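J.: In order, the protein sequence lines correspond to chains A and B.
The numbers in the numbering used here rise by one with no breaks, and the one at position 279 of the first sequence is 279.
The number in the numbering used here is simply the position in the second sequence, starting from 1, with 1000 added.
These are computed hints drawn from the structure, not numbers from a lab.
This list has only true hints and no planted wrong ones.
DSSO-like cross-link-like pairs, simulated, lysine-lysine; straight-line CA separation at most 27 angstroms:
{"hint": "1", "chain 1": "B", "residue 1": "LYS1212", "chain 2": "B", "residue 2": "LYS1103"}
{"hint": "2", "chain 1": "A", "residue 1": "LYS295", "chain 2": "B", "residue 2": "LYS1138"}
{"hint": "3", "chain 1": "B", "residue 1": "LYS1096", "chain 2": "B", "residue 2": "LYS1184"}
{"hint": "4", "chain 1": "B", "residue 1": "LYS1103", "chain 2": "B", "residue 2": "LYS1184"}
{"hint": "5", "chain 1": "B", "residue 1": "LYS1021", "chain 2": "B", "residue 2": "LYS1036"}
{"hint": "6", "chain 1": "B", "residue 1": "LYS1208", "chain 2": "B", "residue 2": "LYS1157"}
{"hint": "7", "chain 1": "A", "residue 1": "LYS295", "chain 2": "B", "residue 2": "LYS1157"}
{"hint": "8", "chain 1": "B", "residue 1": "LYS1070", "chain 2": "A", "residue 2": "LYS190"}
{"hint": "9", "chain 1": "B", "residue 1": "LYS1138", "chain 2": "B", "residue 2": "LYS1157"}
{"hint": "10", "chain 1": "A", "residue 1": "LYS190", "chain 2": "B", "residue 2": "LYS1096"}
{"hint": "11", "chain 1": "B", "residue 1": "LYS1021", "chain 2": "B", "residue 2": "LYS1096"}
{"hint": "12", "chain 1": "A", "residue 1": "LYS295", "chain 2": "B", "residue 2": "LYS1135"}
{"hint": "13", "chain 1": "B", "residue 1": "LYS1157", "chain 2": "B", "residue 2": "LYS1212"}
{"hint": "14", "chain 1": "B", "residue 1": "LYS1103", "chain 2": "B", "residue 2": "LYS1135"}
{"hint": "15", "chain 1": "B", "residue 1": "LYS1261", "chain 2": "B", "residue 2": "LYS1036"}
Short derived list, chain A residues pointing at chain B, Cβ under 8 angstroms:
{"hint": "16", "residue": "GLY195"}
{"hint": "17", "residue": "GLN196"}
{"hint": "18", "residue": "GLU198"}
{"hint": "19", "residue": "SER201"}
{"hint": "20", "residue": "GLY204"}
{"hint": "21", "residue": "GLY206"}
{"hint": "22", "residue": "ARG207"}
{"hint": "23", "residue": "ILE214"}
{"hint": "24", "residue": "PRO217"}
{"hint": "25", "residue": "LYS295"}
{"hint": "26", "residue": "GLY296"}
{"hint": "27", "residue": "PHE297"}
Please read all numbers here as calculations on a predicted model, not as lab measurements.
Just so it is clear, CB atoms sit at the ideal spot from N, CA and C, and this is done for glycine as well.
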Amino acid sequence: MTETKTAERAQPEAITAVPVRHPGRWVAIVVLAIVAAMFVHMLVTNDAFQWRFMLDNMFRPPVIEGVRTSLTLTVLSMIIGVALGIVIAMMRLSPNPILSGAAWLYTWFFRAVPRIVLLILFGNLGILYSRYELGLPFDHQIGNLLGIDLDTRFFGLDARTILTGFMAGLLGLALSEAAYMAEIVRAGMKAVDPGQQEAASALGMGRGATLRRIVLPQAMRVIVPPTGNETIAMLKDTSLVAFVPVTNELFFQLQAIGARTFQVFPMLVAACLWYLAMTSVLMVGQFYVERYFSKGFGTKQAKARAQAENVGYGH
Amino acid sequence: MATDLGGGAATDTADRNPMVKAEAVHKSFGHLEVLKGIDMEVYPGQVVVLLGASGSGKSTFLRCINHLEKINAGRLWVDGQLVGYRQEGDKLYELKEREISSKRAEIGMVFQRFNLFPHMTSLENICEAPCQVRKVSKDAARTRARQLLDQVGLADKTDVYPAQLSGGQQQRVAIARALAMDPKLMLFDEPTSALDPELVGDVLEAMKQLAKDGMTMIVVTHEMGFAREVGDQVVFMDQGVVVERGVPTEVFANPQHERTKAFLSRIL
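Put together the whole structure using the sequences plus the hints.
T.: Encoded structure:
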């Protein structure tokens, strides 16, 4: 066939075919619509929900105070958990066997003990010692050995001062979170191409700078999504600090109202709504954090370019 | 073992100190002996091209030079100083990481897979080491980075991320990144092997320019044209030993060793 013939030929008409029908989808829509209607009907007609009562009570000052406590606990324990988790992950990946062994031991312990047990344990640390003090280790024992009265404690606090419910709860949540975060961070750092570390080394960058400037920022891409999960889980786990006990926490407050007024169910629904709302806000935050750390990866231009040129890049 | 045909460089090298000197360098990975006694001298301004089949130990030797791999036996000097160790009397002391890093900073390396930092733009990639290692001011580093990008023909690609560049462009940014540390020696580990054929030329051009400017270079490559045109000396390696070395035109035209002949007939 010559080229002129091809050019002369008319453009073929666009395809108009009968699309495949999907009757299953229609059935599903009908079924779901019926179920949803039944659910709404129940919400509206069942008096046990007590919507008016719920709305009147779910924004009362103690509840708002509870929301604030829960959010503060979430934010603080995640900050400590992530920071400590990074340190432990770095220890775990360090060539020093003592450090990596200690990091392993930490993760082993704090992942093994259930959070609720850990929280009650921390709440009762006052039983071990009534005062916590800083000084040379074993000073009294060494003093006894030498027959002198040796006391090097220069700073001390009453157990009740530092281990108030809030501190104990925060410590329990943060330390346990650090163990999980350490594993997440370690997985993230391992996911970074070893060539990156090599390139940094070849440029004369030390271990610290390489980690901080090259490996961690890239690992963040892998670390952020599961950390979002962890944050949401943490928000929900703050309800466990009631066992420390910390009483100005959201769920405890809602339950207290329910117990006091014998309207248990509406307050449970209120708890669901509060946690839903707070989690939704966290998810919005996660979206922006994820977008920030995907800088340089999978940009629109890069994808278009890869398709156009079929160039293998960056792997 | 090696038939040493002399320095082979166009210039007289007798009265100068070698930039790289290797004496009976051995390297094993577990039971696998990859380097079985490499001797080599590379003089300032020389371009030495390492040839050989894959698995012959060229890349490993290159990586030993900046101590990315530790050698098991023999001695290796860069600019008169032992690589990775300090010698006092008969005793060798391992260098601290900081000391190794500061020596690596003076040796540029270009990798087969570029290894650009994907979360940084071209400019940031180039500025990173000068700012972090040499503590150069940000402005000075940026000015120099722009110069270097211009030098490798990418003046308009300062603010793009590596993923937005073609392979050839990425490799030229990688060369600029290495040059930003003002190295006294450049190591190239198969810099064009991961590139589409039509992109190889630009990278080789940048390397030729560098050689012309007097940079000391050790290049592992399969680009025979480059070896012939730019190389002062080619070193042919096979199974961890140097089989033959000499001026490119002579070695290519008249290889002495059977294994060199076999390799060249396959590749030319």
